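Chains as they are written, first to last, in this note's numbering: chain W, 1 to 114; chain B, 115 to 224.
In short, the hints are calculated from the structure, not lab data.
Watch out, some of these pointers could steer you wrong.
[Stated by the list, open to error] Here are the computed distance ranges between Cβ atoms for each label pair:
#: 1; chain 1: B; residue 1: 135; chain 2: W; residue 2: 53; range: 36 to 42 Å
#: 2; chain 1: W; residue 1: 40; chain 2: B; residue 2: 173; range: 22 to 28 Å
#: 3; chain 1: B; residue 1: 172; chain 2: W; residue 2: 17; range: 44 to 50 Å
#: 4; chain 1: B; residue 1: 168; chain 2: W; residue 2: 57; range: 35 to 41 Å
#: 5; chain 1: B; residue 1: 137; chain 2: W; residue 2: 10; range: 34 to 40 Å
#: 6; chain 1: W; residue 1: 77; chain 2: B; residue 2: 224; range: 44 to 50 Å
#: 7; chain 1: W; residue 1: 65; chain 2: B; residue 2: 223; range: 41 to 47 Å
#: 8; chain 1: W; residue 1: 9; chain 2: B; residue 2: 221; range: 23 to 29 Å
These numbers come from a predicted model, not from an experiment.
In this text, a Cβ means the ideal position worked out from N, Cα and C, and glycines have one as well.
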Amino acid sequence: DTEVTQTPKHLVMGMTNKKSLKCEQHMGHRAMYWYKQKAKKPPELMFVYSYEKLSINESVPSRFSPECPNSSLLNLHLHALQPEDSALYLCASSQGGTGFNEQFFGPGTRLTVL
Amino acid sequence: GQSLEQPSEVTAVEGAIVQINCTYQTSGFYGLSWYQQHDGGAPTFLSYNALDGLEETGRFSSFLSRSDSYGYLLLQELQMKDSASYFCAVRDTGRRALTFGSGTRLQVQP
Numbered sequence: 001d002t003e004v005t006q007t008p009k010h011l012v013m014g015m016t017n018k019k020s021l022k023c024e025q026h027m028g029h030r031a032m033y034w035y036k037q038k039a040k041k042p043p044e045l046m047f048v049y050s051y052e053k054l055s056i057n058e059s060v061p062s063r064f065s066p067e068c069p070n071s072s073l074l075n076l077h078l079h080a081l082q083p084e085d086s087a088l089y090l091c092a093s094s095q096g097g098t099g100f101n102e103q104f105f106g107p108g109t110r111l112t113v114l
Numbered sequence: 115g116q117s118l119e120q121p122s123e124v125t126a127v128e129g130a131i132v133q134i135n136c137t138y139q140t141s142g143f144y145g146l147s148w149y150q151q152h153d154g155g156a157p158t159f160l161s162y163n164a165l166d167g168l169e170e171t172g173r174f175s176s177f178l179s180r181s182d183s184y185g186y187l188l189l190q191e192l193q194m195k196d197s198a199s200y201f202c203a204v205r206d207t208g209r210r211a212l213t214f215g216s217g218t219r220l221q222v223q224p
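Bound-form chain B, shown alone (with noise of 0.2 Å):
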């Protein structure tokens, strides 16, 4: 089986940077992955590593480390709008599907 720990919450101010971490334990390992979710809203996806290190996207950054069981997305120059869910996913070889970890909650704050 799978699991994954994330913190539930997280409050930032307007233009920081905040980091989200996210460990897991699977039986094999394919990738994790994040995504986002607003109030009300579906989820969407943000990023997915599968190798080891940083992937940029635009104002987001997801980390990846296998050997530590280990990740974390990194926002920068944050905005009310970034107030939202976030949840890490991992998905076990030979299983065309992912588990998702149970959200951390972020707050963006003027």
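Only chain W is shown next, with the shape it has when bound in the complex (with noise of 0.2 Å):
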């Protein structure tokens, strides 16, 4: 298995919604990333996770909160989100050492905030 799956594919949500997103790979990687990424930019590192701990956090407010229960899965919160996050949302894992360089990512959920 070669993949990472995310969920959902879309979500739209209001202002002082709560909603998760999830992310899931079973390539026995041990870094798991997530980006965000608008239209026409690259994607933009939010956080990594490196054997499960929180390694990377580019200063991401607070409103998103990541999660690795296992690894396997990441989720990532959202709480009382601004229209300007709406991005596509990506996530990404990859094996340690010069595997950092090669990553896979998941398909992405397109997050619409009203």
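From the two separate chains plus the hints, produce the assembled complex.
Spelled out as structure tokens, the structure:
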């Protein structure tokens, strides 16, 4: 299984809602990532988990809260988002060592905040 | 920090060869990667260069010159399906993450 899955594919939420994005991989990868991507822009790193511990937080606002329940799962909890948070949210995973350069991306969740 | 520069757009015809350049500035260096992303799709890994020289994978090749902080992606025998955005990405030593360039949008015309 060389796939990263993400649910849901699309999400529309109001600014007062709480929702969660889910990501799963069964490749045995020990690094997992959340990216945010706006149209015609590169993926922008948000968080990195390495061996289920948060290793990088790119100064992301606290309305985004990541969670790594186990080595296969990654969640992104959303609360009190702003319309400018509307974007494609991508999850990725990779092996350690030189494998950090080869990341496998999920199809993304397209988020719209009203 | 890191910064990468690549052209914003390139246009070529089917069957042609195109080269997408990437220059980078990093405080450390641990390899240059290339990713392809079709509209509406997710980025997919194409290649990785840690050492100077050319890496070939089918119609795609990637080159790195660490002394010049420069690399390129070479696409041969272009096909319409190669129309996509291409991102170079670098990893700093000691940092378990990639920084992506702004992307080059390749349009292949018939």
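Going down the list of hints, with the structure as the test:
1. B:135 to W:53: 36 to 42 Å: holds (37 Å)
2. W:40 to B:173: 22 to 28 Å: holds (25 Å)
3. B:172 to W:17: 44 to 50 Å: holds (45 Å)
4. B:168 to W:57: 35 to 41 Å: holds (37 Å)
5. B:137 to W:10: 34 to 40 Å: Since the Cβ atoms of residue 137 (chain B) and residue 10 (chain W) sit about 37 Å apart, the hinted range of 34 to 40 Å holds.
6. W:77 to B:224: 44 to 50 Å: For residue 224 (chain B) against residue 77 (chain W), whose Cβ atoms are near 47 Å apart, the range 44 to 50 Å holds.
7. W:65 to B:223: 41 to 47 Å: holds (45 Å)
8. W:9 to B:221: 23 to 29 Å: Once the Cβ atoms are compared, 27 Å apart, the range 23 to 29 Å for residue 221 (chain B) and residue 9 (chain W) holds.
Consistency with the previously given hints is maintained throughout, with no hint failing.
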